[in-house]
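Q: Chain order of the listed sequences is A and B. All residue numbers for the first sequence refer to our numbering, where the first residue is 169 and numbers rise by one. All residue numbers for the second sequence refer to our numbering, where the first residue is 10 and numbers rise by one.
I should point out that these hints are in silico values taken from the structure, not numbers from a laboratory. We treat Cβ as the ideally placed atom computed from N, Cα and C, and that holds for glycine. Since no wrong hints were added, every one of them can be taken at face value.
To give an idea of the chain A side of the interface with chain B (calculated C-beta under 10 Å), a few residues:
no., residue
1, Arg238
2, Phe272
3, Pro279
With a cut-off of at most 25 Å between alpha-carbon atoms, the simulated DMTMM-like pairs for lysine to aspartate or glutamate come out as follows:
no., chain 1, residue 1, chain 2, residue 2
4, A, Lys265, B, Asp206
5, A, Lys402, A, Glu192
6, B, Lys233, A, Asp319
7, B, Lys57, B, Glu82
8, A, Lys219, A, Glu386
9, B, Lys57, B, Asp78
10, A, Lys402, A, Asp211
11, A, Lys265, B, Glu211
12, A, Lys358, A, Glu386
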Amino acid sequence: MIKSSDEKRNGTGDGTRVNEIAIEARNTIKAFGQGGVAVRALDDVSVEIRKGEFFTLLGPSGCGKTTLLRLIAGFETPTSGQILLHGTDITHLPPNKRPVNTVFQSYALFPHLTVAENVGFALKMQGRPRAEVAQTAREMLELVRLGHLADRRITQMSGGQQQRVALARALAARPQVLLLDEPLSALDLKLRQEMQVELKRLQHETGITFVFVTHDQEEALTMSDRIGVMSAGKIQQIGSPREIYTRPVNRFVASFIGETNFLPATLGPEGARLSGGEVIELATPGPRHGPVTLTVRPEQLRLTPPDEPGALPATVTDWVYLGTDTHVHLQLRDGTALVARLQSNPSGETDLTRGGAMGVRFAPGAVQVVED
Amino acid sequence: MSALEDQARARSVRNAWALSAPALVILAVAAVGPLLIVLVYSFLTPGKYGNVEWQFSTDGWLGILFTRDIFDETLKLADAHLTIWWRSVRLSLLTTLFTFAVGFPTAWFIATRPPRARGFWLFLITIPFWTNLLIRTFAINEVIRNEGLFNTVMIRLGLFSEPLRIINTDAAVLMGMTYVYLPLMVLPLFAAIDRFDMRLLEAGYDLYANRWQVLRHVILPIVKPGIVAGSILVFVPSLGAYVTPRVLGGGKNMMIGNFIELQFGQGRNWPLGAALSVTLLLITTAALLFYVRAANKGGNGHG
Chain A
169 MIKSSDEKRN
179 GTGDGTRVNE
189 IAIEARNTIK
199 AFGQGGVAVR
209 ALDDVSVEIR
219 KGEFFTLLGP
229 SGCGKTTLLR
239 LIAGFETPTS
249 GQILLHGTDI
259 THLPPNKRPV
269 NTVFQSYALF
279 PHLTVAENVG
289 FALKMQGRPR
299 AEVAQTAREM
309 LELVRLGHLA
319 DRRITQMSGG
329 QQQRVALARA
339 LAARPQVLLL
349 DEPLSALDLK
359 LRQEMQVELK
369 RLQHETGITF
379 VFVTHDQEEA
389 LTMSDRIGVM
399 SAGKIQQIGS
409 PREIYTRPVN
419 RFVASFIGET
429 NFLPATLGPE
439 GARLSGGEVI
449 ELATPGPRHG
459 PVTLTVRPEQ
469 LRLTPPDEPG
479 ALPATVTDWV
489 YLGTDTHVHL
499 QLRDGTALVA
509 RLQSNPSGET
519 DLTRGGAMGV
529 RFAPGAVQVV
539 ED
Chain B
10 MSALEDQARA
20 RSVRNAWALS
30 APALVILAVA
40 AVGPLLIVLV
50 YSFLTPGKYG
60 NVEWQFSTDG
70 WLGILFTRDI
80 FDETLKLADA
90 HLTIWWRSVR
100 LSLLTTLFTF
110 AVGFPTAWFI
120 ATRPPRARGF
130 WLFLITIPFW
140 TNLLIRTFAI
150 NEVIRNEGLF
160 NTVMIRLGLF
170 SEPLRIINTD
180 AAVLMGMTYV
190 YLPLMVLPLF
200 AAIDRFDMRL
210 LEAGYDLYAN
220 RWQVLRHVIL
230 PIVKPGIVAG
240 SILVFVPSLG
250 AYVTPRVLGG
260 GKNMMIGNFI
270 ELQFGQGRNW
280 PLGAALSVTL
290 LLITTAALLF
300 YVRAANKGGN
310 GHG
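Using the sequences and the hints given, assemble the complete structure.
A: Laid out in structure tokens, this is it:
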């Protein structure tokens, strides 16, 4: 599944090379509360979301991702800064005047209307002829594969079906941007995986710009063209899933997305020197000098015999068998703890011993310098 | 097996009847009995000094809308009676409308307060219930009468040169009934709005509805059961109102309640009074049936 969505990502990537900007947030600050107790939910956030891309805002709860989404939808007005849609300032435009629709976390379907009436709501409010409303509602329900349930009441639908109705309803008026606020969080794992594929398909078929909010890094990695990682009201990094994973800019991004190891080091002309004295060559030596933090993913660690030249001497403290992989916990001479993720043997056995000496090597180019 | 089940079912049915027997007896003696007496009296002949004579007559029922000419005994539509009926229905409908117009924003306000503050606001709404209806009505009288608070202040301020005559008009009755029955509208509306999922408002705005459309297509259909309940709770007692029209409307602006009282008092026409009472009861029942139907519809049909 990861591979197929990878291919799709590349497919839609071609379309985004036009680099036309759909949504732009310019220096937006959103503060809640007054004066001294004011909390900045968004702290000077600037982001450009390209037309036709699947953009994900990823971060832990309270990081400001939902606030940014609500600013784009128009439910909140920024304390300062601007929101632009295709270059037009929409900062103070009310939500009903924005060609932007939302799939709510709670779905927020109208309980007094049928499925088809829910889907046709936007068009009805826009005063479209009744026949067109009914026709579009039918098409949209076909698109989310619920055509046969058009006359059902919302209360008779399962969670997964309600999710599809919410999607069809938000897409019915052909918005320029679709906002999705953690839409999959209420679904169980199997349905969630189905909907991930479904969402990518819908985005591909409609060509609409999707802005997706989630705290689930795996969801973000598998679905997005680009990800904006947020924390503490700021955008930490924006990039493709591969960039975010392989070249995290700071400690937060590195640890929030996937698992990783951190090593304290000092940058010098020859490379990064660990506190134990070993020197690691960096693929892209930065201009900086002095104390830094290095990061390397567990799957980029190789175990070698302890006396192999160039390998870091380490001690095995423990290992955990996880089926496909085995996690080996190691300690370097300076006390730094590392985790190596190795593919398990066919037998599942290892020839490791607790307290045994080992050598550790890093795959070329796997070590990154990150900011704290 | 099924015989045992039948036995158990029969026993539970017997128990249910036994449990509800006291209530049924009270209802039979205190509600159905008097109603039957009223029904019987409506078909008798008025006695000279009140009470009835045991002689069958439909004059009581004819008197609801007609009057008999004193010379040739022909039936004519009684304008005075029609006026009273019309005033009762009109004032009750207007009271319902006014309590809704005032009560809906009030209920919305309370339901959107933080949970802890809601109790305080609801408490304020129920305060008028602490005082006797008659006293509250006289209090309004004190405010709106010619020498009352309102007119005194207006004249002192130089806004009016002479008192505005409100007392003893339909407007005074309407004002009084709107005040008295407002809580009956606010409370069911509050209950309905309290259950309303405010997130649907954002969904409405998001889907291109303006404020008016959100009210019309999202809020009102969903809180409709509360609107219907409040309207019935206000309309039914308004129709039979007695104290308010008596104190604020004076002798002339009678409503049905006062008209019925008149027949049992000075009018000495108990059959007409009885027939009027039964008619009022039928109208009220029709209103309640309408409510039950509307409430069921709101529950499972198209809003």
